[in-house]
Amino acid sequence: MTETYAPRDWSSQPPYLHPDYKSTVLRAPTKPLIPIRQSLSEITGPVYGHESLGKLDADLTRNAIKGGEPIGERIVVTGRVLDENGRPQPNMLIEIWQANAAGRYVHVVDQHPAPLDPNFLGGGRCVTDSEGRYKFTTIKPGAYPWGNHENAWRPAHIHFSLFGPSLSTRLVTQMYFPGDPLLAFDPIYMGTPADCRELLISRFMLEHTQPSFALGYEFDFVLRGRRQTPVE
Amino acid sequence: MSKLRQTPSQTVGPFFAYALTPEQYGYDFTSIAGGSLIEGDVPGQRIRIEGRVLDGKGEVVPDAMIEIWQADGEGRYAHSADPRGSNVGFRGFGRMGTGTDPQSRFIFDTIKPGSVDGAQAPHINVVVFMRGLLLHAFTRIYFSDEAAANARDPVLASVPTERRNTLIAVRDEKSAGAVYRLDIHMQGPNETVFFDV
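Protein sequence lines, in the order shown, are assigned to chains A and B. For what it's worth, the working numbering labels the leading residue of the first sequence as 171, then goes sequentially. For what it's worth, the working numbering labels the leading residue of the second sequence as 11, then goes sequentially.
Hints are computed from structural coordinates only; laboratory data are not their basis. Treat each hint with caution, since some may be false.
Pairs of lysine-lysine, DSSO-like flavour, derived with a Cα cap of 30 Å [what the hints assert, rightly or not]:
1. B:LYS13 - A:LYS305
2. A:LYS225 - A:LYS305
3. A:LYS310 - A:LYS192
4. A:LYS310 - A:LYS225
5. A:LYS201 - B:LYS67
6. A:LYS192 - B:LYS67
Make a model of the complete structure from these sequences and hints.
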């Protein structure tokens, strides 16, 4: 027996082509994916542990300060990385990026005329602990306009990138905030199958809220699980 | 026990660079990986792989992110699932955005991977991300000067003959070094083969 990874659950994933999100129209693959039998190439993957982190990487309220503090509502975002069998995934790199409190990204291509924050970059990373837990301290990102359709606004979100234990488990996603009225109008969020959209929304948690400092939000990730496959 | 639902993917969007490829784009944040996979005097044949990403109109995509994952020169992965492991200090991971090269190319300087398990031809695993792609796409890069190995490769054999060329990087015979080129076509008559990994 050899260990491989359960297939992507396509019923929980957005389609490549989702015409309401206009950029998919010319960028979505049109031909069916060709199934691959997992080999070492797919069950291995890049390994980045605690040694790859800088000291302040997980604290976005401090990792780019230039003599002041970032503007906005401080938040803690924490949770666990699990596989679909509920097994915690320790020592996994998580990378995040986000807009500042005014809805502006540091990226030079972002032309939204909201102010940049000299004390905020919006990028961070951490590695999960032995129970698969992670924790970021950051600023709650603002909503921002984009050109998809007339008066289009992205709901506040944080981008997450995870490798998981193998190339097969790679995941890039976005975490949203509870009760955001923009969600129902957002074709990226709405491109997710209806019964899985809630999986992208964080929960406000008083127990993660740090008194007199930051509100706490919880968000768990579920990656593809391992399975036993007979060797042919 | 019922399984948990897998977290849905969402697009990487247009603004990933300052967190995922910061050094390449000149942001003040360290990168975990970049376009060069070569550290120190790692053994193996030095190669360069370059290409562009093209959309359904044949226009170059300047905001894609390409990741590559590969074995070392002897076909060993630096990962615990490979019982041999890589003992040459070669991590095997590269990541590059298409937003800094004047021609919007991804350019990787690496070593040519060996055959992973004897059966597969030398190849590099590729993950494609971009605005407009709600979930990443997996593909592979093979090498034009490995015709005999490619002819025996079980993954290439599973691909319709007329589409196999979309996976084979072509060696530039005029170049002094070993340069291979392969464009990634998201759509169109030369649409790249993407895999359900």
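Each hint, compared with the structure:
{"no.": "1", "hint": "B:LYS13 - A:LYS305", "in the structure": "holds (25 Å)"}
{"no.": "2", "hint": "A:LYS225 - A:LYS305", "in the structure": "holds (13 Å)"}
{"no.": "3", "hint": "A:LYS310 - A:LYS192", "in the structure": "holds (27 Å)"}
{"no.": "4", "hint": "A:LYS310 - A:LYS225", "in the structure": "holds (21 Å)"}
{"no.": "5", "hint": "A:LYS201 - B:LYS67", "in the structure": "holds (16 Å)"}
{"no.": "6", "hint": "A:LYS192 - B:LYS67", "in the structure": "holds (14 Å)"}
Every hint, counting from the list given before, is met by this structure.
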